[in-house]
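Single-letter residue listing:
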Amino acid sequence: MEVQLSLKTVSIFDKKLITGHRLLCQSFLKTYFCGNKTTQFKMPDINELQDFVTQVRRDILRQVHKVNSGHPGGSLGCAEFFSVLYQEVMDHNTNFDMDGKDEDLFFLSNGHISPVFYSVLARSGYFPVEELNTFRLIDSRLQGHPTTHEGLPGIRIASGSLGQGMSVALGAAQAKKLNNDKHIVYTLHGDGELQEGQNWEAIMYAAGNKVDNVISTVDLNGQQIDGSTETVLPLGNLKEKFEAFGWDVLEIEDGNDLKQVIDGLKEAKSRTGKGKPVCILMNTVMGNGVDFMMHTHAWHGKAPNDEQLETGLSQNPETLGDY
Amino acid sequence: MEVQLSLKTVSIFDKKLITGHRLLCQSFLKTYFCGNKTTQFKMPDINELQDFVTQVRRDILRQVHKVNSGHPGGSLGCAEFFSVLYQEVMDHNTNFDMDGKDEDLFFLSNGHISPVFYSVLARSGYFPVEELNTFRLIDSRLQGHPTTHEGLPGIRIASGSLGQGMSVALGAAQAKKLNNDKHIVYTLHGDGELQEGQNWEAIMYAAGNKVDNVISTVDLNGQQIDGSTETVLPLGNLKEKFEAFGWDVLEIEDGNDLKQVIDGLKEAKSRTGKGKPVCILMNTVMGNGVDFMMHTHAWHGKAPNDEQLETGLSQNPETLGDY
Amino acid sequence: MKEYKNTGSKDTRSGFGAGLTELGKTNENVVALCADLTGSLKMDEFKENHPERFFQVGIAEANMIGMAAGMTIGGKIPFTGTFANFSTGRVYDQIRQSVAYSGKNVKICASHAGVTLGEDGATHQILEDIGLMKMLPGMTVINTCDFNQTKAATLAIAEHDGPVYLRFGRPKVANFTPEDQKFEIGKAVKLYEGRDVTIIATGHLVWEAIQAAVELNEKGISAEVIDIHTIKPLDEEAIITSAKKTGAVVTAEEHNFLGGLGESVARTLAENHPTPQEFVATQDTFGESGTPAQLMDKYGLNSAAIIKATEKVLKRK
Amino acid sequence: MKEYKNTGSKDTRSGFGAGLTELGKTNENVVALCADLTGSLKMDEFKENHPERFFQVGIAEANMIGMAAGMTIGGKIPFTGTFANFSTGRVYDQIRQSVAYSGKNVKICASHAGVTLGEDGATHQILEDIGLMKMLPGMTVINTCDFNQTKAATLAIAEHDGPVYLRFGRPKVANFTPEDQKFEIGKAVKLYEGRDVTIIATGHLVWEAIQAAVELNEKGISAEVIDIHTIKPLDEEAIITSAKKTGAVVTAEEHNFLGGLGESVARTLAENHPTPQEFVATQDTFGESGTPAQLMDKYGLNSAAIIKATEKVLKRK
Ligand SMILES: Cc1ncc(C[n+]2csc(CCOP(=O)(O)OP(=O)(O)O)c2C)c(N)n1
Ligand SMILES: Cc1ncc(C[n+]2csc(CCOP(=O)(O)OP(=O)(O)O)c2C)c(N)n1
Ligand SMILES: [Mg+2]
Ligand SMILES: [Mg+2]
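Protein chains in written order, with this note's numbering: chain E, 59 to 381; chain X, 59 to 381; chain L, 69 to 385; chain G, 69 to 385.
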């Protein structure tokens, strides 16, 4: 069994992590050797990953509940994606360096789903999980939307104002090519976010300039603030759109199924370097994993009250240890 | 023979026009009755129209030459389009009223081709053709890019900063629907201009909201400032793009062939009101009608010198009388 | 000293919503456009009452501004609604060309201005929008201070022919201006007569200025307080007259001290009657996450800051 | 009186082009991005010398700014080039979030600023870009006056770590600053010592200020002339010191008098040493088509206007 590669980014030598990752570390110490950097992935342990995802969901709910503010819906729907990306797919370095040379990069364009980003970054070893307690508080590094401004490790660009992330990623991808760095640049975008025209500028640029070291994933949850994307402004057939714009498109039918996400990202990776930027259309359920939050835009940007939190947490029992 | 409808927008009762339109008026007085407003078009006299186009080309060259500034290339390529639109297709009123109720409207998004717009507006009766002499001069109503700011009849929005015209047209089209006004809103866009993301916001909106009283034409001349669109930023397959975005797309194979332009616009008109916005992809030759200006981006925004002007004019002999 | 009573805290954006609802009933030319923030902008009621006059444009602010400009052609009076950052910085060139330079009768209505937007943080907290909009020729720029004034302003701008930027906010704040007020664009409102210092405040800072004036009064300092809801056209006469009388000015705004109301006042006085002035405003920093109250406090946007600035400027007289 | 000699008229944008060409050779981290205006921006030479470091993004300025921000990740120093309007107003929110707030080392280089853009007219003649950029925390704002200074500034900003807005223009103007100058960001350059009035000019107005000072000298008026190439960070000390000495200030810029250099100076003085000030600038109007010279004349942006303003401010001392 290839064990080296799972949960690879958590360094047990990082003292700050020990407390927060007690359970996590215990669990993988049993099975794994923790390397700091690796390049391939094989046979991840789905149960381990599922535990990770469940804990991430708890983190999302607790962050948002504590400050009665933030965006649980989109965050929950993308818990699997972030977990797979940081735990299984990306070749990245938790010893954070802004330039990110010789590692894969990730840019979150739909910055409002910061709770899932913060949880996964913390639990991957970028900063102490306890810091999730400071989400959206004054003087915190965990701003409402991710930012470089407060020096939080793992963040390479501010986002929040929608539609800008793909352009940034393309710049980073072009810099990688200049640097002869073969690593990949990943991005995530909301589906509603694709209504912003800047995305289409970037989409056109990427194809026209063969930026084939980029994998952009669209969180197709069918929801945005004022309702479903269908009622607000229908996106139509996104596959056709991206293909008409010259991208290589693949779909993940269920972006809340870990195996599908892993396979989808693997497949996407195998399609890089072939002259076309790669797009993943990933169907997710907004609010996934918390029954009353699912399939509705109502929880896009609303925090649960105490009771709702309890319900949500009970549906997602503690696995790796709460912060 | 249906005579009523050709050159229909020139009112011979408008005194200001008499001088400038001497030849024009003479020519159509022979054959036509000049109505001020009409709604259908039938059997336009192609030779008359061709004379109109030739004169428009002269006007373009002379405007740009006089001030040694302006954009002849795109203007020349669109001479047929503008002539057909204002002379044959649009139901419009030269007695200019900003609101434009109960008439067709036209918005020029790629405002830099103002010379063709001004020439056709003037020769259609919106303002005295002599005023073409003031193109780009200080204190003129004929600004470098079309503007409402100086009160020039025929202009309903400023353009020049690219990419904004379709949005404006959609607003006007929605207003028409609110006003139960069945008229059509026409637009023109450069192909390079489509690199601006705002277009794609508008394109998505129009389909999603079934704005089917809009006909947007793209001037597919394959050129922009720094070179061909192919070398600057390839637009790929625009038909596929517009169709993927939910538009009804038709093509004019040769946008410098009057008959094709007439047929194309007629066909487009027949497709309005069917739940989809209509797009015309119109292939043109930049600099058309002036041999040394054709098929190159070099004349996008450069004026001919005296000698070049002579050559250009000699290739386009006076038909309706210079201003 | 006149007492200004808080008749019950309300958010200014609800004043906009109430005004828009009323306009929907009284002016059939009024149409509304929103970029996926209908609830936040309090436009739901208008939308429900007049679905045919409500245009949901999705997350595409540039298209929204262009469409609004186009709708004026055909006689509509479009009110666009989104957060202040996406109402201005995101679409500056669109406003510039299609609205301001084209002279279109568009009302750009912007909520969640300034740091009181709160927890979403700096990407959403624009502190430059007054400056952005005031530089556009022909643009009217209004920043209202409470629910009643925002409602009155919303009604008033529908009557005004020309582009308007109306700026308001997210949190509940004191509602203290008269319910039946007539809103005069470009006319400063004098809240207190005073001798020693002129406090010129706009938006959420007006209530803070009132509190400051009351406290200053107790300390024996007589402050003239001006509610300058219209930043453009600026009521220069009111400013000059008051500065001549008091000889010291404090401006207060929820905005960067660069480019906003403070600099407009400084420019007016430099041209007419140079006067010592202190600037209660953010000091060229981005905002951050936090509660509105915490942020007003941290960034020096409250009555305490106004009092400190007053004491400082008085020493400079 | 020191004589400033025009060593041959050149456009400031060519100074940028020359600087960029040099940077291409000396600093391999420098990359350049352009939005379909390579020739106008004088970036052709860089492009020819370093095709792999030149990025043609097409007519998509928002994408260009985002890409530039992204390229800094990976250690590049991106210089973006397009007209001033499309460099600022078109992409304000993109600069705000992806560059300024994110603290990225992007150099936004903008040609054709102001009315001297000429015949293209108002949609292209931004008169608000200094104001737009100065309001962004962390942004350095530079407006150079001639070819040599622009070239020197281009070299200097590559060494400065942080976002920069560099503004220059289209027409040929006098080239009079030293070829071998060291460009110090944030440091005002005193061109003339004077007693009666301080003329603070930027960009194309610096040469006009020199002409004005010479003429004023003949009339017996001693003008101190400051070339304030950096509007942010502003050399407040130089301004205050000079204003204290002369007691009268004229600011001169090819920009709206609202929001630009003039207001920054007024604010500085209001905070430190209130002084009568006159504003040579456009008076809150859009520009129009015309030759650069005609427009400078019509909009009061020349030495005659500076002299008039000086005479006016002297009466107010
Ligand atoms: C430019 C911009 N416009 C508007 C907003 C406000 N906003 C934040 S999230 C959101 C909806 C995003 O929808 P989607 O991308 O589908 O994300 P989801 O709701 O699915 O998480 C909007 C409109 C914003 N942040 N930025
Ligand atoms: C927003 C914006 N960016 C850049 C420009 C400068 N510009 C004017 S025309 C033009 C090229 C337009 O190409 P296209 O639309 O194909 O028109 P054509 O050259 O064919 O006439 C550019 C880049 C502009 N006017 N507006
Ligand atoms: Mg969504
Ligand atoms: Mg073209």
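Calculated from the structure, these hints are not laboratory results. Keep in mind the model is a prediction, meaning the values are calculated, not measured. One should not assume that every hint holds.
Capping the alpha-carbon separation at 25 Å, the derived lysine-lysine pairs in BS3-like fashion look like this [unchecked claim]: (1) K268/X - K115/L; (2) K327/X - K268/E; (3) K73/G - K268/E; (4) K312/L - K73/L; (5) K327/X - K317/X.
Results of checking the hints against the structure:
1. K268/X - K115/L: 19 Å, holds
2. K327/X - K268/E: Between K327/X and K268/E the Cα gap is close to 38 Å, so the pair fails against 25 Å, i.e. violated.
3. K73/G - K268/E: Not satisfied, since the Cα-Cα distance of roughly 50 Å exceeds 25 Å.
4. K312/L - K73/L: Not OK: K312/L and K73/L at ~29 Å, beyond 25 Å, violated.
5. K327/X - K317/X: 15 Å, holds
Checked against the numbered hints above, the structure breaks hints 2, 3, 4 and satisfies the rest.
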